[in-house]
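**Student:** Make one complex out of these two single chains by using the hints.
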Amino acid sequence: MAFPFSAIVGQDEMKRALLISAVDPRIGGVMVFGDRGTGKSTAARALSALLPPMLAIAGCRYNCAPEEADRCPDQCGSRKTAKVPVPFVDLPLGATEDRVLGALDLERALGRGEKAFEPGLLARAHRGYLYIDEINLLEDHLVDLLLDVAASGENLVEREGLSVRHPARFVLIGSGNPEEGELRPQLLDRFGLSVEVKTPQDIEQRIEIMRRCDAQERDAAAFAADWADADAKIVKRIARGKKALPTVGMPDSTLQDAASLCIAVGADGLRGELTLMRAARAYAALEGAKSAERKHLRAIAPMALRHRLRRDVLDETGSTARIDRALTELFG
Amino acid sequence: MTDTLMAARLLAAAPARLGGIWLRGAGPEREAALALLMAAFEGRAVRRVPVHIDEERLCGGLDVAASLAAGHRIEQTGLLQEAAGGLLVVPMAERMSALVAGRIAQAMDAGAGFALALIDDGGEDEGAPVSLTERVAFWCEGVGALVSANAPLAPFPSVPSPSTPPVGVAQDKLQPLAEVEGPSPTSANTSVDMLGTNEGGDFAPSLASLSLALGVDSARALLFAQTATRLHAEWHARDPGEEDLAFAARTILGPRATRIPQQADDQPAPPPEPENEPPPGDAESEQDHHDPDALDDLVLAAALASIPKDVLARIGEGRGARRASGAGGAGRKRASQLRGRPLGARPGLPRGGARLALIDTLRAAVPWQEIRRQQEAQDAPKRLRIRKGDLRIRRFEERAEALTIFAVDASGSSALARLAEAKGAVELMLAQSYVKRAQVALIAFRGTAAELLLPPTRSLTRAKKVLGELPGGGGTPLALGLAAASELAETQAARGRTPFVALLTDGKGNIDKHGQPGRAQAGEDALAAARRFAASGTQGVVIDISARPQPEAAAIAAAMRARYLALPRADARGVEQAVSALQFGKAS
Numbered sequence: 000m001a002f003p004f005s006a007i008v009g010q011d012e013m014k015r016a017l018l019i020s021a022v023d024p025r026i027g028g029v030m031v032f033g034d035r036g037t038g039k040s041t042a043a044r045a046l047s048a049l050l051p052p053m054l055a056i057a058g059c060r061y062n063c064a065p066e067e068a069d070r071c072p073d074q075c076g077s078r079k080t081a082k083v084p085v086p087f088v089d090l091p092l093g094a095t096e097d098r099v100l101g102a103l104d105l106e107r108a109l110g111r112g113e114k115a116f117e118p119g120l121l122a123r124a125h126r127g128y129l130y131i132d133e134i135n136l137l138e139d140h141l142v143d144l145l146l147d148v149a150a151s152g153e154n155l156v157e158r159e160g161l162s163v164r165h166p167a168r169f170v171l172i173g174s175g176n177p178e179e180g181e182l183r184p185q186l187l188d189r190f191g192l193s194v195e196v197k198t199p200q201d202i203e204q205r206i207e208i209m210r211r212c213d214a215q216e217r218d219a220a221a222f223a224a225d226w227a228d229a230d231a232k233i234v235k236r237i238a239r240g241k242k243a244l245p246t247v248g249m250p251d252s253t254l255q256d257a258a259s260l261c262i263a264v265g266a267d268g269l270r271g272e273l274t275l276m277r278a279a280r281a282y283a284a285l286e287g288a289k290s291a292e293r294k295h296l297r298a299i300a301p302m303a304l305r306h307r308l309r310r311d312v313l314d315e316t317g318s319t320a321r322i323d324r325a326l327t328e329l330f331g
Numbered sequence: 000m001t002d003t004l005m006a007a008r009l010l011a012a013a014p015a016r017l018g019g020i021w022l023r024g025a026g027p028e029r030e031a032a033l034a035l036l037m038a039a040f041e042g043r044a045v046r047r048v049p050v051h052i053d054e055e056r057l058c059g060g061l062d063v064a065a066s067l068a069a070g071h072r073i074e075q076t077g078l079l080q081e082a083a084g085g086l087l088v089v090p091m092a093e094r095m096s097a098l099v100a101g102r103i104a105q106a107m108d109a110g111a112g113f114a115l116a117l118i119d120d121g122g123e124d125e126g127a128p129v130s131l132t133e134r135v136a137f138w139c140e141g142v143g144a145l146v147s148a149n150a151p152l153a154p155f156p157s158v159p160s161p162s163t164p165p166v167g168v169a170q171d172k173l174q175p176l177a178e179v180e181g182p183s184p185t186s187a188n189t190s191v192d193m194l195g196t197n198e199g200g201d202f203a204p205s206l207a208s209l210s211l212a213l214g215v216d217s218a219r220a221l222l223f224a225q226t227a228t229r230l231h232a233e234w235h236a237r238d239p240g241e242e243d244l245a246f247a248a249r250t251i252l253g254p255r256a257t258r259i260p261q262q263a264d265d266q267p268a269p270p271p272e273p274e275n276e277p278p279p280g281d282a283e284s285e286q287d288h289h290d291p292d293a294l295d296d297l298v299l300a301a302a303l304a305s306i307p308k309d310v311l312a313r314i315g316e317g318r319g320a321r322r323a324s325g326a327g328g329a330g331r332k333r334a335s336q337l338r339g340r341p342l343g344a345r346p347g348l349p350r351g352g353a354r355l356a357l358i359d360t361l362r363a364a365v366p367w368q369e370i371r372r373q374q375e376a377q378d379a380p381k382r383l384r385i386r387k388g389d390l391r392i393r394r395f396e397e398r399a400e401a402l403t404i405f406a407v408d409a410s411g412s413s414a415l416a417r418l419a420e421a422k423g424a425v426e427l428m429l430a431q432s433y434v435k436r437a438q439v440a441l442i443a444f445r446g447t448a449a450e451l452l453l454p455p456t457r458s459l460t461r462a463k464k465v466l467g468e469l470p471g472g473g474g475t476p477l478a479l480g481l482a483a484a485s486e487l488a489e490t491q492a493a494r495g496r497t498p499f500v501a502l503l504t505d506g507k508g509n510i511d512k513h514g515q516p517g518r519a520q521a522g523e524d525a526l527a528a529a530r531r532f533a534a535s536g537t538q539g540v541v542i543d544i545s546a547r548p549q550p551e552a553a554a555i556a557a558a559m560r561a562r563y564l565a566l567p568r569a570d571a572r573g574v575e576q577a578v579s580a581l582q583f584g585k586a587s
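Which chain is which? The protein sequence lines are A and B, in order.
Going by numbering that gives the first Met the number 0, the first residue of the first sequence is number 0, and it counts up by one from there.
Going by numbering that gives the first Met the number 0, the first residue of the second sequence is number 0, and it counts up by one from there.
Keep in mind that the hints were calculated from the coordinates and are not lab data.
Every residue, glycine too, gets a C-beta built ideally from N, C-alpha and C.
Mixed in with the good hints there might be a few duds.
What the hints assert, rightly or not - One-sided and incomplete, this derived list gives chain A residues near chain B with beta-carbon spacing under 7 Å:
| id | residue |
| --- | --- |
| 1 | R35 |
| 2 | G36 |
| 3 | P84 |
| 4 | P86 |
| 5 | D89 |
| 6 | L92 |
| 7 | E195 |
| 8 | V196 |
| 9 | T198 |
| 10 | I202 |
| 11 | R205 |
| 12 | I208 |
| 13 | M209 |
| 14 | C212 |
Unchecked claim - Non-contacting residues of chain B with respect to chain A, defined by C-beta distances greater than 10 Å in every case (computed):
| id | residue |
| --- | --- |
| 15 | L206 |
| 16 | A304 |
| 17 | G347 |
Okay, chain B solo, but in the shape it has when bound (with noise of 0.2 Å):
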């Protein structure tokens, strides 16, 4: 049985201690362990959360356009409670709002006790919200395609354990762990039998140390290895040992990983320390007592083999695990309904955050009053009669954020005070940020390609981090870097920012736009790049770098319709001025 079917199942026994699971990547696997959870959950509430439910849905309320006609306080149930004790599946878990995911997270502190399956089709840039993912505690890949075909996909119940033992031990000795009925009676024994004999407690030094080793900083992610590995143990019938460990390592600790353990190859990740043994009054302990640094050898090295390969290549680069980002998703922009400059009230119900504008509800039915009275019973309450349509939302008008894109030369030809620089700037627009509600991202390019360091932000501790380690020298693939930016403008613009591209260059493109060396060819491609960039509408600067300016950087500007500044000698806060003066003199 593959990871993923596994987590499934034993998500099942424990949804509520386990929280969910995180499903990545379409694929025969991620069907099956759908299937494997949905009838695990038969029985209980299966709920389906479309990405943009409203709030009331979600969270229930009171239902404006029953109440109405009805004439009393009609409420709804929210899709949370319904869920309580079965599954929430998310589907398309990477367009959810922040404000949707953070209800759902809410509801999943307070105990509402179901199991989340977040469904990700997003790529390497998109995630489920942080929020949520730190909520559940398996990370799975979908993509495996199911290579055992003798993996039956009954649910958990009906799967007989290797040993049965007899039903009917103290059931309420059962609750802590067994927690719902689904789980087989054959399991829950089994954790009986353990909950007397041993305290669970030895093979928590090993998680502790893993997960030291690979930087999980998240307690939470501690308690889900814990509990998954007794429950992976329960599953075989026997006592918790490396291939238990093994299981949450691969399924838990390792997709999170933020950093490699220093370790050579025979050498574990931190050891835990001869005190760190548990008691060894136990006389259940002593017999699966294994060498502690074999075992955590075997175990650190399936955390390993389970980390995705672009975190790999992440924490390779010194940039820490993908989702640590978490800013820039789609969900933080918000609906305009809540706030900025008041516009004209229109007719529609006050609901998924809109918010209703009494005085033109009641201007829009005060006409109708004697009409209305005249239609109903001569004993109907005296009261004011206001039918649906008459209704009024608020609106605002929101100003889109501004977001500026620093596009850097980090070729050799820009010599690398020129970088720290830029890196100065990047800093200084982002101590503004907060106050011109802008973001900021960086692109670099050098050598041969073109690389977004800093997706858009507002966190000044983040840049910094990346910042910290911007490489320079090699070649310069103007044309790339150009692309690289209209591209990222272009997304951007389509999820309601105004970006602004500044290209800090010296304009000597020599790398073409497919890597290969070539001043003649990288500089058409470039001159290309830059006229598609034009043909985009996004503003942009041109800041010439270089010691002595050329004509070159200012053909650039042209072809891209930007302004041309040349800075021989200026310094971080000269570009920041030059930039925000550029972008946001002429947006006030």
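Here chain A stands alone, though its shape is the one from the complex (with noise of 0.2 Å):
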């Protein structure tokens, strides 16, 4: 049983930068940077089963939304929908190009002679989650490819004579600690949001871990019901900023802010902008407000950022501390 999202203590940003990710999955993945036992994996799995079901094609293998159907590759015969949970899926760290994209179904090739397509762990998360955990010590080639598809949103596969395309939009959630191998720049620049995590520093918050997953031991059901209002508040929450994210503003102002933002800090490329843009337009949804403000953005700015600062290998100041002198510098 997952632990409750709301009873997660401490942490949020990170629960922030989730929340935002659910309003809009588009937005790209997050990256969670980390020592091990921050609750980063936690907060994840709390998050896709704190999602009500979703409607989905019964039996697809592609996790196939009923308007999507005509698309799946295996030409959903049925038209019979199912509620099934979000998918959250965790890739092991040692997982093959095969079990990721997907392979030749080799029984069915060997035993019946038949080219058939056997769909890996990208057509499990469709419309969910997808999280590695130690994504830096993934292998490079895999860290590529997973985020082509998350960026396309689909799932192409030309090998061993197969031909495949399947729709995979998920949310991908990475985490790692950058004292145990770095990222490649190019690579962290494509997750959309980036957040630092830390175990609570002080001991009322440390003592309240504590009491909560003890009393979660003691009885997860008595505690998850204790938790569920908090919980249906936040799927409120959600559901509500989803329906109003096509209506929020993005007046101009907030857009000069942060052109303005990026170029003080000196971000690479455009996707800084854009993640800005789609970050506060999302977070704004989901405080109920009917346009993406300055503060908004302030909000965001760190999280959306700090991975893209370019760095100066012998300046020692953290990504965060540049952004937030920029933010004070620009806007007081």
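**Tutor:** Encoded structure:
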């Protein structure tokens, strides 16, 4: 049983980033930096468990939504739909390309001489979450491939004589500890948001962590019931945010703020501005605001830009500090 | 009973909640703990994981050979499923690959419910994978001798508790704590008492402040400590008190410490604030209500005593716990069946990560189709007949990862400014390391010793931390520095990396290989070390960093059969460019 999302102590920035990605999955994945045991995977799991079940074609191996069934490579025969939980796929460190992308179904190829496709983890994660612990230890080519699919929303397999195309839209959540090897800057740039998590350095919060985990271990059902109301509120907020997202305004002043911020901190490329814009809009929708204002931009600027700054190895200042400095200089 | 044995016993009682035990070092205590675990887990699944287990056996999946023979799909169960609810023993855990460790960690996170016993024979440099040690509660030394001969090796259930309350309290309430049928009803009963009377939160502030003081960041460790404290108290049929806290501190929090609490003799580290005290409404909690400061003192002392010596030494040098390293383990290197430049296919079974080369398999099978069809019955289905021997797998050629070892003269004769440039060069190389698939290591020699300050890593974050406090001054033990560099180069070459040594010195050694001062002896020793370096065949460069280049450094370079570069006014960028040009210019 997953830990209730609202019962997670502290880690506000991570929770905010996850909620924003739930409101607008197009923002791109969330990269979580932090030590082990800081609740990264707990939060991701909790979020996917929190989301209400989604409608999908019954028995479809690709989790197809009813309206996209005609694109399904399996030619979903029936139009019968079923409620399935939002998938949460935990990608193992040693996963091979075959397992991730999908591959020729060996059994059918060898046994019956049929050329059939066996969907991989990407198909399973469609419309849900793909969580990769220690993404910095994953093979580079696999990370490339994942980010590519995450960006295009489609998995195209051209190998072993197969040509398969299926939708694969998921929120990629990567986690890793930069002390154990870093991610290539090109890869980092393709994550929408990034957050840094630390175990709370405050006794009060630590005690609260112990209390809540203890309560959950004693009686998971009762614990879940205690937090059901708070969780339901979050579900409602996400649903409202999703609905409001297309109507949230994006005034020119906010766009100008975003552009000047990117110039001030020296973020490479245009992804910075675009993510700032999308994340500010999603955050405004989440907060129930009519348009994305400077305060929304401020709240999400660190997580949208932190991983995009060109690093000067001889400069000791951390990215977060540089963004904070720029924010204070620009907006007071 | 020793802590290690106690830990094993508690683990048997609550395998899923405590995760496991990490036993370091061989000794009678380890054997005893293992024997105890084996006995306690009798009747439940006990599996051993060989270090080089393949993925199919570990996680289950299609059994290719059997499926082909049978003509239909045959699955094999993985070891991880088989071990559910039981015990998974990992011998030689220090040699385990990151891939296998990752799979096990994932299974544990998904609630596989087994206890993990990591048997670690590694020394100071090697250790079990961090992803697993993080997920086991107890970190125990197995070297201790069994002092108390009267410690019975009988498993948990058969040892009677001091007081044995009658059996038969609401079983359903036991479930969350007792978890499996294994633990004795006696201990479970006391837990029920506790569940009813004690919110269990009164020792939480002590654990929280202790973990903060020791710099244990992981919330997992904190929760393990909480569980262990309670189970330890249950075992002794009492409410959790300072002895139980001390046990958790010794076996869980202390070994994970990354800093030594800043405290005077009578000043406990961050004392819990008054409002952190448990709500005083509980009558029971009043009776074992200790003075929080006194309690924490005692527990803190227990934790401090349990910090391993090498960790203590490193903390003293401001380098954090040994396990913060993680990089450079044996497991990082991957089999090259997955990536790189494709080579031809070769016969073999597609398992253990190797991929089937379909076209080549078919090509191998085609010539035999007619004969095979004749061998089968008339009504055999029309299909391609592929035998096990036809299977081909893909192979790739992978370029060995490069490793640049900086051996830096940090002595007084090399001005401190030089040191800063060496540091800058290391950082610049690291910034490039991802692109070049290269790692960087740093050895500094000064005074009477050479020290590996930065084990091979690709992490800039980690390097910055270490290099920030690189000290300088003292004599020049050139021979020792060279020996350390060759040793590192050789061990790394054995792990499949291609080392390149950049020696930054003025060549004027004045400390010999035994750490004794004396210019003549030191010079001879340095030349001898340089010749040994040449014999190992490692590539290298000597960068003369003295303001006025001297013949000594050139002589060392000649003996090392390495290039010699005089860079009297080089800055960090210059050093980095020179090393890169020599190392990678040649390689490509």
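**Student:** Any hints this thing doesn't respect? Which numbers, in order?
**Tutor:** Of the numbered hints given earlier, those the structure breaks are 3, 4, 7, 8, 15, listed in rising order.
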